[in-house]
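Student: Okay, here's what each chain looks like letter by letter:
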Amino acid sequence: MTPAVAGRAAGRTRRRRTVLRHAVLIGWGAIIMFPIYWMIQTSFKDSGEWVTWPPNWLPQDPTLKNYEQVFTFDVQAAGVAREATEQPFNIWGSLLDSVLICSISSLIALFMGTFLAYAISRFNVGGSTFRHMVLLVRMIPPIVIAIPLLMYYAIMVPFATETLLDTRISLFDTRTGVSALYTTVTLPFVIWMMLSFIEEVPYTLEHAARLMGAGRIYTLRKIVLPLVASGMVVTFLFVFILSWGEFLLALTLTHPDVSTLPVLLNKYQSASEGRLYGPQAAIGTVITVPVVIMGILIQKHLVKGFSFGMMRR
Amino acid sequence: MAGIVLKDLVKEFGSFAAVKGINLEIRDGEFLILVGPSGCGKTTTLNMISGLVEPTGGDVVIGDRVVTHTEAGERGLGMVFQDLALFPHMTVFDNIAFGLRVKHVDPGEIRRRVEEAAEAMHIAPLLDKRPGECSGGEAQRVALARTIVTNPSVYLMDEPLSSLDAKLRVDMRTELKHLHEQLGGTFVYVTHDQAEAMTMADRIAVMNDGRIEQVGEPLEIYRRPASHFVAGFFGIPTMNFLDGTVEAAAGAIEFRGTGLAVPLDASVDAGLAGRGAVLGVRSEHVLVVDADTEGATPATVSLIEPLGDTTLLFFDHGGARRMVAKVDPDLPVAAGDAIHVALDTANLHLFDAGDGARLN
Chain A
1 MTPAVAGRAA GRTRRRRTVL RHAVLIGWGA IIMFPIYWMI QTSFKDSGEW
51 VTWPPNWLPQ DPTLKNYEQV FTFDVQAAGV AREATEQPFN IWGSLLDSVL
101 ICSISSLIAL FMGTFLAYAI SRFNVGGSTF RHMVLLVRMI PPIVIAIPLL
151 MYYAIMVPFA TETLLDTRIS LFDTRTGVSA LYTTVTLPFV IWMMLSFIEE
201 VPYTLEHAAR LMGAGRIYTL RKIVLPLVAS GMVVTFLFVF ILSWGEFLLA
251 LTLTHPDVST LPVLLNKYQS ASEGRLYGPQ AAIGTVITVP VVIMGILIQK
301 HLVKGFSFGM MRR
Chain B
314 MAGIVLKDLV KEFGSFAAVK GINLEIRDGE FLILVGPSGC GKTTTLNMIS
364 GLVEPTGGDV VIGDRVVTHT EAGERGLGMV FQDLALFPHM TVFDNIAFGL
414 RVKHVDPGEI RRRVEEAAEA MHIAPLLDKR PGECSGGEAQ RVALARTIVT
464 NPSVYLMDEP LSSLDAKLRV DMRTELKHLH EQLGGTFVYV THDQAEAMTM
514 ADRIAVMNDG RIEQVGEPLE IYRRPASHFV AGFFGIPTMN FLDGTVEAAA
564 GAIEFRGTGL AVPLDASVDA GLAGRGAVLG VRSEHVLVVD ADTEGATPAT
614 VSLIEPLGDT TLLFFDHGGA RRMVAKVDPD LPVAAGDAIH VALDTANLHL
664 FDAGDGARLN
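Top line first, the protein sequences correspond to chains A and B. Using the working numbering, you'd call the opening residue of the first sequence number 1 and step up by one each time. Using the working numbering, you'd call the opening residue of the second sequence number 314 and step up by one each time.
If we strip away everything but chain A, and leave its shape as in the complex, we get (with noise of 0.2 Å):
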């Protein structure tokens, strides 16, 4: 075979390889993408459409009736469903409770999580082996905490609070005790993600500010923070979306002062027509959409995160 046609055929089987590749990765985001596309545009449809079969792929009278009802039920005022499809909620009481415990418990796991992070890399916290047993907490599942917690939150802690300190503090049903459970479960992972990033920082950077005069404070606000700083925008995310879906510990621990979006999706339900599903799928893109937006505004600190393992030392 000459050159150019040995050269041919190689640029043949690139472009087959290719060709493949994008098959596989377009199939599988189909199938990743298939469950939102049938959520959003089912938030579009009116109650007659929701389970016709065959399906109707696209909705043939679509309607803004869906978002409408979870935007703008006037609870004071109606206080009662006006027709069999509508509950006598709406989203905000919810997206304030999910907004504020989420950000909040994301925002107090990472910063403890960080610096906890910094002291094991750093200074082998709990001896070598502690760094593997952190995630340890994760192999428990939620099912198995969820009832103690209750009885933990609803009657423990006020007893024992009335019994020592005359006030009875219940955590039961508060913002405060949803985010500290949060901050709780999901510091793990901070500590876990926020290591690995530590870790690619290099000793003789922090040596060389020491050196310098730089105190640990400093070298930490100066050095080793800013170089992380990506790697802290992800965890947020990645925690901050952990907390956002959670469900079970959320709907146990709750009701009915506070309750956090997927417990309020739950609740669209109704005797005559059973799950809602119209007003579940607005919800549910409403749940969505947020998360989309944040993972576009830190596209770029994203990849970067993602990518650890490659900076440049």
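One or more of the hints may lead you astray.
Stated by the list, open to error - Pairs of lysine-lysine, DSBU-like flavour, derived with a Cα cap of 30 Å: (1) B:K480 <-> B:K639; (2) B:K442 <-> B:K490; (3) B:K490 <-> B:K416; (4) B:K333 <-> B:K320; (5) B:K442 <-> A:K222; (6) A:K304 <-> A:K222; (7) A:K65 <-> A:K222; (8) A:K300 <-> B:K320; (9) B:K416 <-> B:K442; (10) A:K304 <-> B:K442; (11) A:K222 <-> B:K416; (12) A:K222 <-> A:K300.
Derived from the structure by calculation, the hints contain no laboratory data.
Add chain B to chain A, keeping to what the hints say.
Tutor: Only chain B this time, still in chain A's reference frame:
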């Protein structure tokens, strides 16, 4: 300006002793190079001077201050690291200014001094760049500028040239030596490269296995290595070593190895007769001679390496190890030729076969 004294310095990591009791006086303004193979404790020693590693025992004195337990940042040192340790997220300017900012120097003064240091290291046009955008040589200069900007009295350097390519490394050697003359500070420099040590140092401290084997000026170390180890560490090609014994012969004393006997001079104690020894001779002191010359040993050329200004001639003489001679490049020999060699008896090194100590 400050000299450094290390007193009985010991560092143990668990049960492993990295540095096993070092005594060393580094003179004020001196360029001292700590050299040795990897794992010999040279970097640990440097880090004990810098304060990054706390000694298990002994003292570090800088100037007239005992700083053994003083925080690294308060010792008034400048250090260049092996990987340079430039802050990748800061500009070159901010990198150089870091030490001054820590000390809360006035911003105008910082600008003036950073520019001055950049000027001195010929990196003024790079000030707005990131370290990642600099070439290896430029990054090297940035690291040096960052060190000199704070005017330390002692400069510590941990294999700073190891990341450069061979040509640049040789150029930087000259530049570092020049920098030392300009600044007049005390330089303590760690390397495993004997050529770097020979070319730059005022004095060299050779380390092996956590101890200092010899301290001396480069030529002194080359000409009179204090031990088998030092003799083998310095010089390219490596010194020829012959195993044998010291024997008394007809009122004189001689070294007898496989296939050759070499008369030893009066510097060797006659009482050593019978002792196992290693004879060292550098390649330039192995001479190709005529067959009738006194002490000539027959040998066979096995390999020839022409270097241009000189030629390395490897030969077998019947001993266990192949030997090498540095010869005139015009000498008409080829591999397989039979030749005669003799050793320059004025330049022999005799070491104890056991502990490697020098015997002559």
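Student: Is it true that the CA of K416 (chain B) sits at most 30 Å from the CA of K442 (chain B)?
Tutor: Holds, at about 24 Å.
Student: Assess, step by step, whether the Cα of K480 (chain B) is no farther than 30 Å from the Cα of K639 (chain B), and give holds or violated.
Tutor: Holds, at about 24 Å.
Student: Hey, K65 (chain A) versus K222 (chain A), does the alpha-carbon distance stay inside 30 Å?
Tutor: Violated: K65 (chain A) and K222 (chain A) sit about 52 Å apart, past 30 Å.
Student: Is the hinted pair K222 (chain A) and K300 (chain A) satisfied, with a Cα-Cα distance of at most 30 Å?
Tutor: With a Cα-Cα distance of about 21 Å, the restraint between K222 (chain A) and K300 (chain A) holds, given a limit of 30 Å.
Student: Take a quick look at whether K333 (chain B) and K320 (chain B) sit within 30 Å of each other, Cα to Cα.
Tutor: OK: K333 (chain B) and K320 (chain B) at ~11 Å, within 30 Å.
Student: Does K222 (chain A) sit within 30 Å of K304 (chain A), going by the straight-line distance between their CA atoms?
Tutor: holds (19 Å)
Student: Check the hint pairing K442 (chain B) with K222 (chain A) against an upper bound of 30 Å on the C-alpha distance.
Tutor: Distance of about 18 Å is within 30 Å: holds.
Student: Is the Cα-Cα distance between K304 (chain A) and K442 (chain B) 30 Å or less?
Tutor: This hinted pair holds, its Cα atoms lying about 20 Å apart.
Student: With the threshold set at 30 Å, check whether the alpha-carbon distance from K442 (chain B) to K490 (chain B) stays at or below it.
Tutor: holds (27 Å)
Student: Quick one, are K222 (chain A) and K416 (chain B) close enough, alpha carbons at most 30 Å?
Tutor: holds (14 Å)
Student: Assess, step by step, whether the Cα of K300 (chain A) is no farther than 30 Å from the Cα of K320 (chain B), and give holds or violated.
Tutor: violated (53 Å)
Student: Does K490 (chain B) pair with K416 (chain B) here, judged by a C-alpha cut-off of 30 Å?
Tutor: holds (29 Å)
In summary, the numbered hints that this structure violates are 7 and 8.
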